[in-house]
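As a plain string of letters, each chain reads:
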Amino acid sequence: MIEKQTSKPPKWASKLLEWYCRPELLEDLQGDLHEYFDRNLASKGPGRAKLNFVLDVFKFIRPYTIRKLEILNNLTTIVMFKNYFKTSLRSIARNKLFSAINIIGLAISMSVCLLAISFIAELDSYDRFQKDSDRIYRVKNTYQFLQEDPSGFASTSILAGKLIQEQVPGIEASVIMRRGFSGDARLGEKVVPVSAIQASDDFFKVFSFELLRGNPETALSEPHSIILTDETAEKMFQGQDPMGQTFQIGTDETPYQVTGIVKKPPHHSHLQFQSLVSLITYEEQRKETPDETYWISWSNMWSNYVYLKLEEGNSQEDIEARLMPINDKQNEQSDRVKINISLQPLLSIVGGEDLSNQIGMSMGSEATWIIVALTFIVILSAGFNYTNLSIARSLRRAKEVGIRKVVGATRGQVFTQFIIEATIISLIALVFAYLLFFIIKPEFLNLEPEIQQMLLLENSPKILVFFLLFAASVGFLAGFFPAAFLSKLRAVSVLKDASSTKLFSKVNMRKVLIVTQFTLSLIFIISASIEFKQYKYSLAFDLGFNTENVLNVRLQGNDMDQMANAFSTIPEVSQISKSAMITSVGSRYGENIKYEDPTDSTTLYYNIIDENYLPLMENRFLAGTNFESRPLQEEEESIIVNEQVLKRFNIGTPLEAIDKYVQIGRGDGVRKLRIIGVVEDFQYATIQDGIESFGFRYQPDRLEILNLKITSTDLMATMDKLEAAWDELDQVHSFEASFYDERIQRAYAEHSIIFTIVGFLAFLTISIAALGLLGMGVYTAETRLKEISIRKVLGASEGSLVSLLARGFMWLLVISAAIAVPASYFLFDSVILATAVNKASIGFIELFAGVIIIFAIGFVTIGTQTWKAAKSNPAQTLRSE
Amino acid sequence: MKGTNLGEFEEVVLLTIAALTDEAYSVAICDEIDRVTERKVKLGVVHAVLNRLEKKGFVKSELGEATKERGGRRKRFFTVTHAGKVALTKVKAQRDELWSLIPDFNLKIA
Numbered sequence: 000m001i002e003k004q005t006s007k008p009p010k011w012a013s014k015l016l017e018w019y020c021r022p023e024l025l026e027d028l029q030g031d032l033h034e035y036f037d038r039n040l041a042s043k044g045p046g047r048a049k050l051n052f053v054l055d056v057f058k059f060i061r062p063y064t065i066r067k068l069e070i071l072n073n074l075t076t077i078v079m080f081k082n083y084f085k086t087s088l089r090s091i092a093r094n095k096l097f098s099a100i101n102i103i104g105l106a107i108s109m110s111v112c113l114l115a116i117s118f119i120a121e122l123d124s125y126d127r128f129q130k131d132s133d134r135i136y137r138v139k140n141t142y143q144f145l146q147e148d149p150s151g152f153a154s155t156s157i158l159a160g161k162l163i164q165e166q167v168p169g170i171e172a173s174v175i176m177r178r179g180f181s182g183d184a185r186l187g188e189k190v191v192p193v194s195a196i197q198a199s200d201d202f203f204k205v206f207s208f209e210l211l212r213g214n215p216e217t218a219l220s221e222p223h224s225i226i227l228t229d230e231t232a233e234k235m236f237q238g239q240d241p242m243g244q245t246f247q248i249g250t251d252e253t254p255y256q257v258t259g260i261v262k263k264p265p266h267h268s269h270l271q272f273q274s275l276v277s278l279i280t281y282e283e284q285r286k287e288t289p290d291e292t293y294w295i296s297w298s299n300m301w302s303n304y305v306y307l308k309l310e311e312g313n314s315q316e317d318i319e320a321r322l323m324p325i326n327d328k329q330n331e332q333s334d335r336v337k338i339n340i341s342l343q344p345l346l347s348i349v350g351g352e353d354l355s356n357q358i359g360m361s362m363g364s365e366a367t368w369i370i371v372a373l374t375f376i377v378i379l380s381a382g383f384n385y386t387n388l389s390i391a392r393s394l395r396r397a398k399e400v401g402i403r404k405v406v407g408a409t410r411g412q413v414f415t416q417f418i419i420e421a422t423i424i425s426l427i428a429l430v431f432a433y434l435l436f437f438i439i440k441p442e443f444l445n446l447e448p449e450i451q452q453m454l455l456l457e458n459s460p461k462i463l464v465f466f467l468l469f470a471a472s473v474g475f476l477a478g479f480f481p482a483a484f485l486s487k488l489r490a491v492s493v494l495k496d497a498s499s500t501k502l503f504s505k506v507n508m509r510k511v512l513i514v515t516q517f518t519l520s521l522i523f524i525i526s527a528s529i530e531f532k533q534y535k536y537s538l539a540f541d542l543g544f545n546t547e548n549v550l551n552v553r554l555q556g557n558d559m560d561q562m563a564n565a566f567s568t569i570p571e572v573s574q575i576s577k578s579a580m581i582t583s584v585g586s587r588y589g590e591n592i593k594y595e596d597p598t599d600s601t602t603l604y605y606n607i608i609d610e611n612y613l614p615l616m617e618n619r620f621l622a623g624t625n626f627e628s629r630p631l632q633e634e635e636e637s638i639i640v641n642e643q644v645l646k647r648f649n650i651g652t653p654l655e656a657i658d659k660y661v662q663i664g665r666g667d668g669v670r671k672l673r674i675i676g677v678v679e680d681f682q683y684a685t686i687q688d689g690i691e692s693f694g695f696r697y698q699p700d701r702l703e704i705l706n707l708k709i710t711s712t713d714l715m716a717t718m719d720k721l722e723a724a725w726d727e728l729d730q731v732h733s734f735e736a737s738f739y740d741e742r743i744q745r746a747y748a749e750h751s752i753i754f755t756i757v758g759f760l761a762f763l764t765i766s767i768a769a770l771g772l773l774g775m776g777v778y779t780a781e782t783r784l785k786e787i788s789i790r791k792v793l794g795a796s797e798g799s800l801v802s803l804l805a806r807g808f809m810w811l812l813v814i815s816a817a818i819a820v821p822a823s824y825f826l827f828d829s830v831i832l833a834t835a836v837n838k839a840s841i842g843f844i845e846l847f848a849g850v851i852i853i854f855a856i857g858f859v860t861i862g863t864q865t866w867k868a869a870k871s872n873p874a875q876t877l878r879s880e
Numbered sequence: 000m001k002g003t004n005l006g007e008f009e010e011v012v013l014l015t016i017a018a019l020t021d022e023a024y025s026v027a028i029c030d031e032i033d034r035v036t037e038r039k040v041k042l043g044v045v046h047a048v049l050n051r052l053e054k055k056g057f058v059k060s061e062l063g064e065a066t067k068e069r070g071g072r073r074k075r076f077f078t079v080t081h082a083g084k085v086a087l088t089k090v091k092a093q094r095d096e097l098w099s100l101i102p103d104f105n106l107k108i109a
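Protein chains in written order, with numbering that gives the first Met the number 0: chain A, 0 to 880; chain R, 0 to 109.
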């Protein structure tokens, strides 16, 4: 036995021969070489025999043995193609149920994939309109405080931009920009709010925004120059020639002059602006106070942006290497904070790395990857259906394959046939998917205003080609397994006795596929319910103050007392207070705080309020009193803190803390404030974060928001009244108000978006998996019909028959549940919600409601089919035997 | 059909096929030539010649039954076609004529 094994000629040489040799010569030649091999084996031993065999294989590479280019063969393939197409259509039409299950499943999941494809294609199309977009880079900052994890910022310092311009070779052009310029432009009687990006003079050398009028070289080189977009210019001047016009903006005395008109940035530009103001304006203003140099320091990196266009032949790495010395030199001066600059390609700004402080919109790679992963899972599920059902049905197709092979089909041809069938199904599904795509597209866009702003999801011919390619590859992948399996069947064994072939050796694979499908569906459904609970929990969370019926109105620069008086005349407004910001929705102010020990400091988060705020919000006092109304001019002297401040500095009980002093601020700005009150801890940040030191301060000049307590039965009418009162005082800005509860809802929108998306996907995967299960149920009932009838004749009850048939499937569901429940628990407990301080507990209901639903669906689909089979009359089914 | 000229080795192979009658397949032909002419012939050469002869139409071939030998591969058996027989006879006739022209021929060294 062993000898026989070693005495085989080398396989690879044999394969080589098969590959190059003409089919009509092959068999005989192989035989000859074999015969010589056996001979050599006897006379010269296995080593020489093998060597000779290999040499012979090579010697036989001659013109007459080598296959001709397979033009002839391809010709038959083309002819056969028609036949494959025809048989595929027939097979699809004959098995209506299976085809329907596959097409529906694929169509549903493909519609989601189409969404994802257009989503990614659109992200990718961002900023491509810029000339030489592959040579444009943004300078990004990596900020590291001591040994903490470094964090990435899209912004950088003006200093970085200047140093690069001075010291780094290989850069064709660079532009420094600054955001946050806004003010009211006064054009005689008319007032128009204007916001701008401040940009240095090489703006148009880096970017190719279309300058309609003005000189691109000089338009931004003088102070107080402004370039308007055509849209803004039309709004401001309505038909008049805007070029050269001057107007004041905000409190700046010097008028700004229009030096150019630029076309409104295209939608697919991450950089959006209404107007551009020369950066030199800002620099000149700063230079008026030469002592203050923070604006041009290395660490002032929060609202400036630098974009570079590299010279041709310079790579990102080249330039980054040249930035290293700058980094090293600048970081020498600081021992606690390290700020490093590096480059980010323009084209990966929208879909790439997640950076803070973006100048425009950005989706971030994380969101993109999540979307890709989720849609992949959905399409996988539908693909599994196809694979599963096709293999299950292969018993019926086996004879067809046998006949084809007898008639002369090669393995490759049979394979092609089945792949074509799968592809046809997938293309039919694409048609339906495309229709569904139009239904789900607006839903997706409406999920969040930001998505709507960023994406159009329009159909371009390019996208349609992607769709087609996608459908074809789905068909190929889904059909690959069944095709490979069926094409491997041997004609002789299939035709002699179909049941003797190893058709059912694929049963285990099928089981694995079903389990995977249901596990994924379960994870989706459990995730959705956990997210939903989390969302509800966040909204219902007791923040420690009352947000009900509180309307927050942004003052937008109006006189607050005047506005408050106007509102107070409306009877539905019962109380009015003022604050600097809205707490508990995510943002917060922070400042340094010290108690008696000068070396011990921490961050105090704070809000600035007036004396009416705490009573209106119903914050609970533990000791002390509220602020008293004081005139604007007086120095700030008191503070109200929360319990955490007392704990942090060991100040003792709330009563003891009253009249103690804390120091707020840094350097020259330190203020000594007396604690006049202590409030109970409340959630000033979103509830995922814990509660730390917080204080209320009293600085009337920094108030920006009016908080109105509304007691009204007719909200619409009240809102109209408020708006009317607003419009009376301010004709320029529109009334911006939102209810506190709405703001909180928006702050937790993330949960509701995840819930919506995952819930929807859960619905899809479950439907698809259920369809698959239905198919398997039908198939099982069909193939085992005779068995069932015989069992019935022998006395089996209908109930026992159903349980016999359904048991196997139910086991698969049990296994899926056993995998999915712990997996999703782990996912949420240790990954997604791991860092949240306040979170809803993951309960039995969230974990098992989904399981029960899946079991119910599974039982109904399998049960009905098996029940039908069990009910059938044995006399009918057995008669024909 | 290529030229009908019969080369020397081609003639030998063709004759061997005729001599082997029902057993004429590549390896057997090699062996037979080996035995009769005591020439070491390579399979590759014989194979190429067989292929050429078939193209010229002097032989035809068909695959035999599968056996357990030769790794289960079938043998290709060759038979001489009518054209082959004609060519062989022609060659023989030419030779015979030449022989007949020789007046006195023996192997004794003169």
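Don't read these hints as lab results, they were simulated from the structure. Keep in mind that the hints are not guaranteed to be accurate.
Here are the computed lysine to aspartate or glutamate pairs in the EDC-like style, where the Cα-Cα straight-line distance is at most 16 angstroms [unchecked claim]:
no.	chain 1	residue 1	chain 2	residue 2
1	A	646	A	596
2	A	7	R	68
3	A	189	A	233
4	A	161	A	148
5	R	54	A	691
6	A	646	A	691
7	A	14	A	26
8	A	720	A	571
9	R	67	A	233
10	R	59	A	37
11	R	55	R	95
12	A	671	A	595
13	R	67	A	797
14	A	161	A	282
15	R	89	R	9
To give an idea of the interface, some chain A residues facing chain R are shown, with a C-beta separation under 10 angstroms as derived from the structure [said to hold, decoys possible]:
no.	residue
16	25
17	29
18	32
19	38
20	42
21	327
22	331
23	440
Being a predicted model, the structure only gives us computed values, none of them experimental. Glycine included, every Cβ here is placed at the ideal spot set by N, Cα and C.
Outcome of the hint check:
With a C-alpha separation of about 15 angstroms, the suggested pairing of residue 646 of chain A with residue 596 of chain A holds against the 16 angstroms cut-off. Using a Cα cut-off of 16 angstroms, the hinted pair residue 7 of chain A and residue 68 of chain R holds, with the two alpha carbons roughly 12 angstroms apart. Among the hinted pairs, residue 189 of chain A with residue 233 of chain A is consistent with the structure: their alpha-carbon atoms are about 14 angstroms apart, no more than 16 angstroms. At most 16 angstroms may separate the alpha-carbon atoms for a hinted pair to count; residue 161 of chain A and residue 148 of chain A exceed this at roughly 28 angstroms.
The suggested pairing of residue 54 of chain R with residue 691 of chain A is violated, with an alpha-carbon distance near 96 angstroms, which exceeds 16 angstroms. Of the pairs offered as hints, the one joining residue 646 of chain A and residue 691 of chain A holds, with about 10 angstroms between alpha carbons and a cut-off of 16 angstroms not exceeded. Annotation: proposed proximity of residue 14 of chain A to residue 26 of chain A holds, straight-line Cα distance about 12 angstroms (limit 16 angstroms). Pair hint residue 720 of chain A plus residue 571 of chain A holds up; C-alpha atoms about 10 angstroms apart against a cutoff of 16 angstroms.
As the CA atoms of residue 67 of chain R and residue 233 of chain A are separated by approximately 93 angstroms, the hinted pair breaks the 16 angstroms bound. At most 16 angstroms may separate the alpha-carbon atoms for a hinted pair to count; residue 59 of chain R and residue 37 of chain A exceed this at roughly 27 angstroms. A C-alpha spacing of about 24 angstroms is found between residue 55 of chain R and residue 95 of chain R, which places the hinted pair above 16 angstroms, so the restraint is violated. Of the pairs offered as hints, the one joining residue 671 of chain A and residue 595 of chain A holds, with about 11 angstroms between alpha carbons and a cut-off of 16 angstroms not exceeded.
Annotation: proposed proximity of residue 67 of chain R to residue 797 of chain A is violated, straight-line Cα distance about 54 angstroms (limit 16 angstroms). Straight-line distance between C-alpha atoms of residue 161 of chain A and residue 282 of chain A comes to about 12 angstroms, which keeps the hinted pair within the 16 angstroms bound. At roughly 14 angstroms between alpha-carbon atoms, residue 89 of chain R and residue 9 of chain R fall within 16 angstroms of each other, so this suggested pair holds. Against a cut-off of 10 angstroms between C-beta atoms, the interface hint on residue 25 of chain A holds, since the closest Cβ of chain R lies about 9 angstroms away.
Hint status for residue 29 of chain A: holds, given a least beta-carbon distance of 5 angstroms to chain R, under 10 angstroms. Here the hint on residue 32 of chain A is kept, as its CB sits about 8 angstroms from the closest CB of chain R, short of 10 angstroms. Checking residue 38 of chain A against chain R: minimum C-beta separation of about 9 angstroms stays under 10 angstroms; hint holds. At a threshold of 10 angstroms, the smallest CB-CB gap from residue 42 of chain A to chain R is about 14 angstroms, leaving the interface hint violated.
Residue-level restraint check for residue 327 of chain A is violated (minimum Cβ-Cβ distance to chain R is 71 angstroms; threshold 10 angstroms). Because the beta carbon of residue 331 of chain A sits about 77 angstroms from the nearest beta carbon in chain R, more than 10 angstroms, this interface hint is broken. The interface hint given for residue 440 of chain A is violated, since its Cβ lies 60 angstroms from the closest Cβ of chain R, which is over the 10 angstroms cut-off.
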